[in-house]
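The hints should help you fit chain B with the ligand onto chain A, whose structure is shown.
Those protein sequence lines, which keep their order, are chains A and B. Residue numbering for the first sequence follows the working numbering, beginning at 1 and increasing consecutively. Residue numbering for the second sequence follows the working numbering, beginning at 171 and increasing consecutively.
In short, the hints are calculated from the structure, not lab data. Just so it is clear, the structure is predicted and the values come from calculations on it, not from any experiment. Be aware that a few hints might be false.
[Claimed, not checked] With a Cα cut of at most 25 Å, we get these calculated BS3-like pairs of lysine-lysine:
(1) Lys-490(B) / Lys-529(B)
(2) Lys-356(B) / Lys-28(A)
(3) Lys-446(B) / Lys-430(B)
(4) Lys-527(B) / Lys-205(B)
(5) Lys-168(A) / Lys-326(B)
(6) Lys-143(A) / Lys-211(B)
(7) Lys-84(A) / Lys-419(B)
(8) Lys-149(A) / Lys-419(B)
(9) Lys-562(B) / Lys-537(B)
(10) Lys-399(B) / Lys-527(B)
(11) Lys-149(A) / Lys-62(A)
(12) Lys-330(B) / Lys-143(A)
(13) Lys-481(B) / Lys-330(B)
(14) Lys-330(B) / Lys-149(A)
(15) Lys-7(A) / Lys-18(A)
(16) Lys-289(B) / Lys-28(A)
(17) Lys-84(A) / Lys-430(B)
[As the list claims (entries may be wrong)] Derived list of chain B stretches under chain A, where covered just means 3 residues or more per stretch with a C-beta under 8 Å from a C-beta of chain A:
(18) 182-191
(19) 284-291
(20) 314-322
(21) 327-338
(22) 360-369
Glycine included, C-beta positions come from ideal geometry on N, C-alpha and C.
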Amino acid sequence: MSDETEKLEEAAEESKKKLGSPIVTDQKTLSSLWFDQRELNVRYLVSVEKIKKFYEGISAGKVMATKCAKCGEIYFPPQSYCSKCGSDSMDWIELSGTGELLTYTVINVKPQSFSHYPDYVVGIARMPQGVNVLAWIDGDTGKLKVGMKVRLEVKKRDPEGYLTYWIKPE
Amino acid sequence: MRRVGIIGASYTKFGERFDVNMQELAWEAFSDAIKEANIEKDAIDYFVLSNMGGWSSESLPAVIVSEGLGINPKGSVRVEAACASGSSAVKLAHDIVASGQANVVLALGIEKMRESPTKTVVEYIGRAGNFMWEFENFGLTFPGYYALYATAYMSKYSVKEEDLCEVAVKNHYYGSFNEKAQFRNKITVEKCMSSPYVAWPLKLYDCSPITDGAAAVLIASEDFIKEHKSETAWISGIGYATGTANLSKRDDFTGLEAAKRAALQAYARAGLDPEKPASQLDLAEVHDCFTIAEVMAYEDLGFAKKGEGIKLVKEKQTYKGGLIPVNLDGGLKAKGHPIGATGESMIAELYHQLLGKVKGERQTDIKKGRALAHNVGGTGHYAYVTVLSLEKGGVA
Ligand SMILES: [Zn+2]
Numbered sequence: 001m002s003d004e005t006e007k008l009e010e011a012a013e014e015s016k017k018k019l020g021s022p023i024v025t026d027q028k029t030l031s032s033l034w035f036d037q038r039e040l041n042v043r044y045l046v047s048v049e050k051i052k053k054f055y056e057g058i059s060a061g062k063v064m065a066t067k068c069a070k071c072g073e074i075y076f077p078p079q080s081y082c083s084k085c086g087s088d089s090m091d092w093i094e095l096s097g098t099g100e101l102l103t104y105t106v107i108n109v110k111p112q113s114f115s116h117y118p119d120y121v122v123g124i125a126r127m128p129q130g131v132n133v134l135a136w137i138d139g140d141t142g143k144l145k146v147g148m149k150v151r152l153e154v155k156k157r158d159p160e161g162y163l164t165y166w167i168k169p170e
Numbered sequence: 171m172r173r174v175g176i177i178g179a180s181y182t183k184f185g186e187r188f189d190v191n192m193q194e195l196a197w198e199a200f201s202d203a204i205k206e207a208n209i210e211k212d213a214i215d216y217f218v219l220s221n222m223g224g225w226s227s228e229s230l231p232a233v234i235v236s237e238g239l240g241i242n243p244k245g246s247v248r249v250e251a252a253c254a255s256g257s258s259a260v261k262l263a264h265d266i267v268a269s270g271q272a273n274v275v276l277a278l279g280i281e282k283m284r285e286s287p288t289k290t291v292v293e294y295i296g297r298a299g300n301f302m303w304e305f306e307n308f309g310l311t312f313p314g315y316y317a318l319y320a321t322a323y324m325s326k327y328s329v330k331e332e333d334l335c336e337v338a339v340k341n342h343y344y345g346s347f348n349e350k351a352q353f354r355n356k357i358t359v360e361k362c363m364s365s366p367y368v369a370w371p372l373k374l375y376d377c378s379p380i381t382d383g384a385a386a387v388l389i390a391s392e393d394f395i396k397e398h399k400s401e402t403a404w405i406s407g408i409g410y411a412t413g414t415a416n417l418s419k420r421d422d423f424t425g426l427e428a429a430k431r432a433a434l435q436a437y438a439r440a441g442l443d444p445e446k447p448a449s450q451l452d453l454a455e456v457h458d459c460f461t462i463a464e465v466m467a468y469e470d471l472g473f474a475k476k477g478e479g480i481k482l483v484k485e486k487q488t489y490k491g492g493l494i495p496v497n498l499d500g501g502l503k504a505k506g507h508p509i510g511a512t513g514e515s516m517i518a519e520l521y522h523q524l525l526g527k528v529k530g531e532r533q534t535d536i537k538k539g540r541a542l543a544h545n546v547g548g549t550g551h552y553a554y555v556t557v558l559s560l561e562k563g564g565v566a
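The shape of chain A in the complex, shown without the other chains (with noise of 0.2 Å):
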């Protein structure tokens, strides 16, 4: 929950005692606002089936891209069929060497779900196979720049405790 929502509550629950209902004020407007009094939490189930070889590779260190064995296409992120020629026939093949950093931005103002890290920089890295991957880059801001050269890393991502790729300048 948010500063902002526990406020809010705090001042419902006051109301609740003097009026009998969850009515608070919006100190700016001087609005009458209903609390609502039902919370909502959403956690989805993103089914990951057709390309848990992308998992494995992750486990086993390696960001996997699939290729369509018909047309030649390229996937990043990986997909179990080609969009462009149809076919479902697809090879693995992993995102290695030095690629070339794109663009970049820090995240000062964080999702409610992202308010736990500090700021965060994220970038677009366009790798040799020809696909672009964006990812969090591990290493100092400072020295960042477009058109420097960067590689791509498996490592854990804390406090979750899970692994992911990451964009690391050479």
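This is chain B with the ligand only, laid out in the frame that chain A set:
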């Protein structure tokens, strides 16, 4: 296909609208539009609501709003094209009328974004792209996505943060004259430069705000317009395109491919020369969700050559009296950006500008009788370009 025109339009005061619920907010925009069009609401055959939602409590906003407006049992639907939802509603309404299925269709956009805390709203818009591969692991935000474009653009064309701030200065200037704008304060480059980073290199004053608001556009057939002698701006061309969900799948980060395609399509349909669109238009509304977005829009629309968009701002060519005035309502930056209502609010502004109904400093001279709205959804995920004209013509 039949000719289609706009016969009335309005948008509410934008901002933190804690004083009204969704129905009340919709009613404000609707009642003004109906009055302007001088029609009975029974004349409306169909209703298209544009809304992104998630941050607001109602799951079925179209039926909530329809009941509140008193237009049941007419048919309705809710459409979503992220920040371009409003233009997609106008396109759908246009197509329904053009096909002969209806004589009058209401396109109304609404958003109650402030029903949720700021960080939740930041999260919802951050998820608007590819959730699994760009949000779940990397926590991208809407400013973050555009910041990726800003970094690439600034690096390639040697543009400074100060230069981008000039866009905010212009849009706040015009916003100061718009009583419906969320922000009415003029700002300076210094003020913009001293604001905190939201997603480096974009600062608070590079960004459009979180906004509540509604906007309504009434769209009618030529027959209806003739019969009612309505004050009309004709829809003479609509262009549209879709960009990749994953930002990483784009080839270039200095312009929006979908917007370029949409512009060329709209020019072809409206009969405009794509080599010099600015000289054939009296004004434009462009999607300045961030300052960098307005600069890229100039180039994607062909108002400036690649890499020269920033020059238009610096030389004040997009102020009144310049090459083409842009965002005379304050733009998303100062007027506000209630996601699902932004598109209709752009069309409403152009309708009033073309008919000379905007009061005071903001009204521009109408000589060519043509205006354009450039409305981008997400980060170039959806793009709509709509050309309005005082003359009938084009094949929208
Ligand atoms: Zn293929």
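Open item on the list: Cut-off 8 Å, C-beta pairs, minimum 3 residues; does the coverage of the region 284-291 of chain B by chain A stand?
Closed with: holds (count 4)
Task: Proposed proximity, Lys-537(B) with Lys-562(B) (alpha carbon, max 25 Å) - done: Since the Cα atoms of Lys-562(B) and Lys-537(B) sit roughly 16 Å apart, the hinted pair holds (cutoff 25 Å).
TODO: Establish whether the coverage given for the region 360-369 of chain B by chain A is satisfied; the threshold is a Cβ-Cβ distance below 8 Å, and no fewer than three residues must meet it.
DONE: With 4 residues closer than 8 Å to chain A, the region 360-369 of chain B meets the three-residue bar; holds.
Open item on the list: Hinted pair, alpha-carbon criterion (25 Å max): Lys-330(B), Lys-149(A). Please report holds or violated.
Closed with: Within the cut-off at roughly 24 Å; holds.
Task: Assertion that chain A covers the region 314-322 of chain B - criterion: three or more residues, beta-carbon distance below 8 Å - done: holds (count 7)
Open item on the list: Please verify whether Lys-356(B) and Lys-28(A) have alpha carbons no more than 25 Å apart.
Closed with: holds, 21 Å
- [ ] Given the hint that Lys-330(B) pairs with Lys-143(A), test it: the Cα-Cα distance must not exceed 25 Å.
- [x] holds, 18 Å
Open item on the list: Is the coverage entry for the region 327-338 of chain B by chain A consistent with the three-residue Cβ rule at 8 Å?
Closed with: With 0 residues closer than 8 Å to chain A, the region 327-338 of chain B misses the three-residue bar; violated.
- [ ] Decide if the proposed pair is consistent with the structure: Lys-481(B) and Lys-330(B), CA atoms, cutoff 25 Å inclusive.
- [x] The hint holds at about 12 Å.
Open item on the list: With the threshold set at 25 Å, check whether the alpha-carbon distance from Lys-490(B) to Lys-529(B) stays at or below it.
Closed with: holds, 14 Å
Open item on the list: Does Lys-211(B) sit within 25 Å of Lys-143(A), going by the straight-line distance between their CA atoms?
Closed with: violated, 61 Å
- [ ] Take the C-alpha atoms of Lys-7(A) and Lys-18(A), compute the straight-line distance between them, and say whether it is at most 25 Å.
- [x] Roughly 17 Å between the alpha carbons, so the hint for Lys-7(A) and Lys-18(A) holds.
Hints 6 and 21, counting from the list given before, are not met by this structure.
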